[in-house]
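Enquirer: Listed below, chain by chain, are the residues.
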Amino acid sequence: QKEVEQNSGPLSVPEGAIASLNCTYSDRGSQSFFWYRQYSGKSPELIMSIYSNGDKEDGRFTAQLNKASQYVSLLIRDSQPSDSATYLCAVTGWGGGFKTIFGAGTRLFVKA
Amino acid sequence: ETGVTQTPRHLVMGMTNKKSLKCEQHLGHNAMYWYKQSAKKPLELMFVYSLEERVENNSVPSRFSPECPNSSHLFLHLHTLQPEDSALYLCASSQDRAGISGGEQFFGPGTRLTVL
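Each protein sequence line maps, in turn, to chains A and B. Numbering of the first sequence is given in the working numbering, commencing with residue -5 and proceeding in unit increments. Numbering of the second sequence is given in the working numbering, commencing with residue 79 and proceeding in unit increments.
Keep in mind the hints are simulated off the structure, nothing from the lab. Backbone N, C-alpha and C fix where the C-beta goes; we use that ideal spot for every residue, glycine too. Hints are all accurate, no fakes.
Lysine-lysine pairs mimicking BS3-like chemistry, simulated, CA-CA at most 27 Å apart:
id : chain 1 : residue 1 : chain 2 : residue 2
1  : A       : Lys93     : B       : Lys118
2  : A       : Lys36     : B       : Lys96
3  : A       : Lys36     : B       : Lys114
4  : A       : Lys36     : B       : Lys100
5  : B       : Lys100    : A       : Lys93
6  : A       : Lys36     : B       : Lys97
7  : B       : Lys114    : A       : Lys93
Ranges of calculated distance between the beta carbons of each label pair, as one might list FRET restraints:
id : chain 1 : residue 1 : chain 2 : residue 2 : range
8  : B       : Val90     : A       : Asp49     : 42 to 50 Å
9  : B       : Gly81     : A       : Ser6      : 28 to 36 Å
10 : A       : Gly3      : B       : His155    : 30 to 38 Å
11 : A       : Asp49     : B       : Thr192    : 38 to 46 Å
This is chain A alone, in the form it adopts within the complex (with noise of 0.2 Å):
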């Protein structure tokens, strides 16, 4: 099993829409929660952190933890042609010493 699983996509959605990108863990000492977003050809930029239960918001990104069901999302709200890059998920805890461990991440493409 996967430490951090992402699907891979590609996700596709059209302009102005609610894009979903979803995130499962398996460490549920898990601490912290982060996302990334990495434009193809560049390096990885962190756009939302979250670490207690719940939605948080940033504009038009909300990430949402779920600790009972190992679970993180982000939210992209009104989705802009320039949103489409791979996203990353991340998860940091204490497992074995302390670890930041990345998924995949999720292709998004945002149809103009």
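Take the given structure of chain A and dock chain B to it, following the hints.
Expert: Then chain B, alone, in the frame of chain A:
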């Protein structure tokens, strides 16, 4: 210079060459990381340095040798690499190694390495 910088941006080397990748962070962070990113695979953590001390080495082959002379600079020395080592090598930094800030990492632009 701001953020995290890496040089060179592109590198082509033969299997018998020796080369070094350089990373510099201008953020005053205490932790620095080397990652390998191959197509359609998760980021693979290679090495972690915290306050100039190596705190993690994820079973990386000895043909990769890291060096951290101070908290702002990180090197990855390469020798006798294999074609399967071709990948994007990313350097990152964070305020601290552990805790909340350990996951808030700032990445450099990466070095695209091709081993012939």
